[in-house]
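Put chain V on the given structure of chain P with help from the hints.
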Amino acid sequence: MNFTKHNQAVLDLDSSDPAVRVKALRFIKNNIIGNKTKKDLYIGLNVIPKLVTFFIETEGVDPEVQIQAAIVLGSFAYGGEENVTEIVKHEAVKPLLECISLKNDPRLIEAAARALKAIYKCPTANKNDIFQGYHLQDLITLLDPDALKPKTDREKIASVHTAELAATIIARCCDTNEQQIQIAQAGAFPKLVNLLTCGFSKAQEAALDALAYLCRENSDFGKEIVKTKSETNEDPVKIMLNLIRDKSPTMRLISAKCLTHLCRAKAIDEYLNDITLAVLPTLVKLLDEKGPVREEAPHVLAYLIRDNEELQKAACDSEAVSKLAEFVTHISDQNSSYYDPLGDGDKLKENALMALAAISSLTDEGRKLVVDAKIIPHIVAAMSHRSYGVRAAACQCTRSLSRSVHILRTNLVDAGIATPLFKLLSDESTDVQTMACATLCNIVLEFSPMRKQIMEQGGIEKLVKLVHSPDNTLRLNAIWALKNLVYHAESEVKYRVMEVLTYQTMEKLIEDPELDVQEKALNLLRNLACPKPEDIEEVFKGLTESRLMNIIESKLCCSWSDEIIKQILFVINNIATGNEYHKKTIMSRTNILTHIKNYMSHQNPDIRVAAVWCLINLTWMEDKHSSSQLRVRELRQFGFEDIVKNMANDENLDVREKVKMALVQFSQV
Amino acid sequence: MFAANDSETEIYYASESPPDLDSDLEENNAHDEDLEAANDAIEDLSNRRNNNDFNTTNMDLDGEYTSEDEEQRPHISPAAGHAFQRLIDPYTTRHHRRSSSQRIRGFSPLNSRLLRRTNAITPSFLTQHVKHNKELGLESINGAGSKELGQFRLPESSFLRAGMTFSGTQNLMNTQQPSQRDEEWEVKVTVHYVNYKTGTAIGLMEALNVPNSSNTVVTYWEGEMIDFVNHSLWTDKWNSTPDIDLQHWKKFDAFRQMDVRRGTPTKEWFQEACQKYIFMRWKEHYFVNVTAQESGLTIAGFYYICIRRSDGTIEGYYFDPVSTPYQKLTLKPLLKGNGVSFCDYSFN
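First to last, the sequence lines map onto chains P and V.
The opening position of the first sequence corresponds to residue 1 in the working numbering, with each subsequent residue numbered one higher.
The opening position of the second sequence corresponds to residue 1 in the working numbering, with each subsequent residue numbered one higher.
Simulated from the structure, these hints should not be mistaken for lab results.
Do not rely on the hints blindly, as some may be mistaken.
Said to hold, decoys possible - Here are the simulated distance ranges between beta carbons: (1) P:Tyr495 x V:Asn209: 22 to 30 angstroms; (2) V:Lys237 x P:Ile181: 51 to 59 angstroms; (3) P:Lys465 x V:Asn215: 58 to 66 angstroms; (4) V:Thr216 x P:Trp560: 29 to 37 angstroms; (5) V:Asp311 x P:Asp562: 21 to 29 angstroms; (6) V:Ser323 x P:His625: 40 to 48 angstroms; (7) P:Val664 x V:Lys237: 54 to 62 angstroms; (8) V:Ser214 x P:Asp642: 32 to 40 angstroms; (9) V:Lys237 x P:Leu277: 44 to 52 angstroms.
Even for Gly, the Cβ is constructed at its ideal location relative to N, Cα and C.
Just chain P, with the same shape it has in the complex (with noise of 0.2 angstroms):
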């Protein structure tokens, strides 16, 4: 019996001669690439700690077995994201972080980079270690080729590796706004802009792909980057609409998916031109490419797109939704998950997915391509599907292929979406409920179809649950699909919702940290007051007089936000419309009339007409009744009447209307 190669190997490690751990290192080293088993076998053998004591203790450690003990660790991060959590574990990350300082032999810090790239690959390293000590403006230096002084061609190539792999762990370390700030501050952009005329193509990669991430959402950093020239003197933008013409489809990508990044950060709006003629074609010539490319396309394209129609109108125009189309119908679902182990087909999926969601997100025309691709039954199997991700992309499809009554009515009740879609409501995932929330908002509308079943199967209850819910984006939807719930819906209906909701919610809800959830709460409480004076007076017991006024005085004279004063003025509008009762409440108050009457100057047309409706409905003249004319003098005395005769020239058609319809009920007294 004896011990193993391996284990000797790793026995050696503790020699004090270093010619025995570099020969132990370098078999090490030999076993492990690419081989899975072997790597899991030396992490077996606690090789790892023994590999982070080089960096640490690093009196009388030769430097030689340093470069190798580095090029092995990266060997290991390279297997995996649990090796990778091993390696964290046993604290490497700073030790190689400190490899890379510029003092050190130049293939260390190339093999400790190296190492780190891998590392960042995964979630699990602490990102924030970069920007301690010198570490970030090291790999800031070696973005630049020459800082390393390489003489012969061996140590150029070598240096240009270091500078991309310095621009990959810049890109993934930089998550966050703070993060984007940090790096640009150490003096990235003119740095990254010259490494994309480096010529060397992986090099060039790595620095759009840095340059993405440090513009993304960005705009500040997206029009200094613009503005970035090269040592060169080339425009950076340039640039990169060269190299999305190169022969890789990875140049391509990276480079469609910076200028992407740029065009949401809003910083080359003047390119919009080139964006639409050549990233968005690219981008969908990119479907046609395999693996990780054509994964990824769809999900720059999605980011690309969203919120602007004309580039979904372009969208429309290219041959991106039957392209995507095929990904969601035939890549392997959840049933055949026996050719597809690792789900490497999910996130295409997914990504797919959503772009079609975005294609449709916006208009009629790409909503109608999306349905006459016939994947809307995929759409409703894909909501059980195993992955989360695939799950939320469905709703988002979903939702954006909702917002159509034509589709609503149509192709979505006939896929039978309803069902499936509330069950989403309960799913494991916060995403995911959210995103079938939202969904949802549409699918109880008075005119869909599928309304009744949403409700049958106890949606007023699971909404009510949700509106409690600690997320805002949840909570928000809840509401939202409450207040589209009662919008012109039956007494009953009302009543039913409050019963389970409560006045007492909606109250909390009004006053919700989130200005968004205020405003849909107080669209419900407007939804509610009408038409009848038989629902205003629901909400008169619901919540007792007093504290109806209160809401709606205080909501009058602090609130900053256009859509709120709207909701408020229609609540204040609605309940005008109701018996002498309720509108003797609004006249009693000269707090709410003289909010009225200030209102009615604002600059939003919208909030001055809503202010002009609630003196129509208080002036309205009910058979002449007596009250009417008393409430006409008030108002007239209150000087409304002075106020809207001046209106008469409004610029805005339906201010000016209304104007009008005033001044003839206040003519009538």
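Here is chain V on its own, set in the frame of chain P:
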């Protein structure tokens, strides 16, 4: 016949000031087609270089003007009408903005005519127009075209809003026997979707106590606003013709107020009309609660609609080649309270 201008529409609607009726018509490459089709002399139009009235350095497009000069215009038969619609020549390199003098100009007297040309609005002409509008939208992406045109919208009316319900009657308008009230049924319409940008609306129509039927019949309809960018006065579908269109539009009080003597609406008429009314077409697409057969009704035709902005009254005429003509729809806002209330939803 009348000249409808949608050239400066983005300016007029955007600023909410009355529309300016430059009745310029840019020629496009469909024009040759039209010359052949224009056998009936509808109107004398001149094609002239716009030298005298405005700054030519700003604009280098051909224009055609309606003639306000009666003598030069032959009697216009209602056989074919046309609307002047702005067409941007796809081959111009820039969209030229009009100078203010052009905008104010309005209908211009004909000082000189280089060419007399007749111009019929044919379906192909219209299709070209709609296509051009789409291209304008694309042009705005490229920055070459006018961005504003792509964002044009009709001024909104509180009454044409999602959630509004209207009620009234539909009856056969029998001018020979005004006392005949055989066919009349109650109608309720709820509007559920309005989009001023695309000039579309969607709603449900319910017919109650239909003669010879026991159920209420509910249909789903989609509507188009006559905003002269998304949709013109000419239906160009649903078995209609410009002739039929005119016959129906003229039934509305709004159109009758136009100066019939001249046969051509004046600028003032048109400005007022759009300020006071919204014109639409509503087309029912399917039955909701019963089958077609059960209902005993047909939805093969469509309605010409006029909505009065001041009080939300709706006047409509149903057209269907095989139905009794001019069935009149009269609606007004259905108010269940003592005033007008507004409920609201939004798509997430």
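Status of the hints after comparison with the structure:
1. P:Tyr495 x V:Asn209: 22 to 30 angstroms: 29 angstroms, holds
2. V:Lys237 x P:Ile181: 51 to 59 angstroms: Roughly 57 angstroms apart at Cβ, these two residues keep to the hinted range, so it holds.
3. P:Lys465 x V:Asn215: 58 to 66 angstroms: This hint is violated: roughly 39 angstroms between Cβ atoms.
4. V:Thr216 x P:Trp560: 29 to 37 angstroms: 47 angstroms, violated
5. V:Asp311 x P:Asp562: 21 to 29 angstroms: Hint holds: Cβ distance 27 angstroms, inside 21 to 29 angstroms.
6. V:Ser323 x P:His625: 40 to 48 angstroms: 44 angstroms, holds
7. P:Val664 x V:Lys237: 54 to 62 angstroms: About 40 angstroms separates the Cβ atoms of Val664 of chain P and Lys237 of chain V, which means 54 to 62 angstroms is violated.
8. V:Ser214 x P:Asp642: 32 to 40 angstroms: Since the Cβ atoms of Ser214 of chain V and Asp642 of chain P sit about 55 angstroms apart, the hinted range of 32 to 40 angstroms is violated.
9. V:Lys237 x P:Leu277: 44 to 52 angstroms: 34 angstroms, violated
Consistency note: the structure conflicts with the earlier hints numbered 3, 4, 7, 8, 9.
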